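A.B. asks: Assemble the whole structure, with the sequences as input and the hints as a guide.
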Amino acid sequence: ILNVEQSPQSLHVQEGDSTNFTCSFPSSNFYALHWYRWETAKSPEALFVMTLNGDEKKKGRISATLNTKEGYSYLYIKGSQPEDSATYLCALIKAAGNKLTFGGGTRVLVKP
Amino acid sequence: DTAVSQTPKYLVTQMGNDKSIKCEQNLGHDTMYWYKQDSKKFLKIMFSYNNKELIINETVPNRFSPKSPDKAHLNLHINSLELGDSAVYFCASSPLTSGYNEQFFGPGTRLTVL
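Quick mapping for you: the protein sequence lines, in order, are chains W and D.
If you're matching positions, the first sequence starts at 191 in our numbering and goes up one per residue.
If you're matching positions, the second sequence starts at 11 in our numbering and goes up one per residue.
It should be emphasised that the hints constitute simulated quantities derived from the structure, not laboratory data.
Heads up, none of these hints are tricks.
Not close to chain W: a few residues of chain D, all C-beta gaps over 12 Å, as computed: (1) Gln24; (2) Ser30; (3) Phe74; (4) Gly94.
DEER-style ranges, computed between Cβ atoms: (5) W:Thr255 <-> D:Pro105: 22 to 30 Å; (6) W:Lys249 <-> D:Pro18: 31 to 39 Å; (7) D:Asn67 <-> W:Pro216: 19 to 27 Å; (8) D:Leu64 <-> W:Lys248: 31 to 39 Å; (9) W:Lys248 <-> D:Leu124: 41 to 49 Å; (10) D:Ser75 <-> W:Tyr264: 36 to 44 Å; (11) D:Gly26 <-> W:Thr212: 37 to 45 Å.
These figures come from a predicted structure and were not determined experimentally.
The C-beta atom is built at its ideal place from N, Cα and C for all residues, glycine as well.
C.D. replies: What follows is the structure, encoded as structure tokens:
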């Protein structure tokens, strides 16, 4: 069983504050890590696909880093806004292929 | 235009019935997937097809059968529905089978088995 763990499970953030959360995964046979943003009543939407150790990707106020040797990725939200409220999912792909194993998500609620 | 669409959005049915959920993508992608959101809200892969060919087949009861008439469609047939099949089912697609490609998800189909 492949364990992809996300912490914390939920997070309350004050508008304007920055925050970050973690995705942990087994480091062996790493191939790729995906991050998705999932708003309530909508579909998951891809944020990043990360493949190389030390990768750092950015989209607006959201960025992510990757450490494949120790098996973790951080997602950062700078200056949180209410529209950032969503569940953020990470998903691991081991070896060459396309089978995503999802973590349980971090639910972020940004309070005005 | 919706990129990945699923029908129906909601499906309520009795135990023992046979039902289908349809998925279509207009993105020109080669690869399509079915996921189940389980009772703990985890998304779990069920099947993946590449250009009408089955490439991922997870440990899923054989009452579940995917069918891909062409690369733009991947339908999910479920026979002899059981209470435990109640869940939200998501279809997704990606340009290629490579894990380097992001996946595009449909809106989900909420199946309730009574």
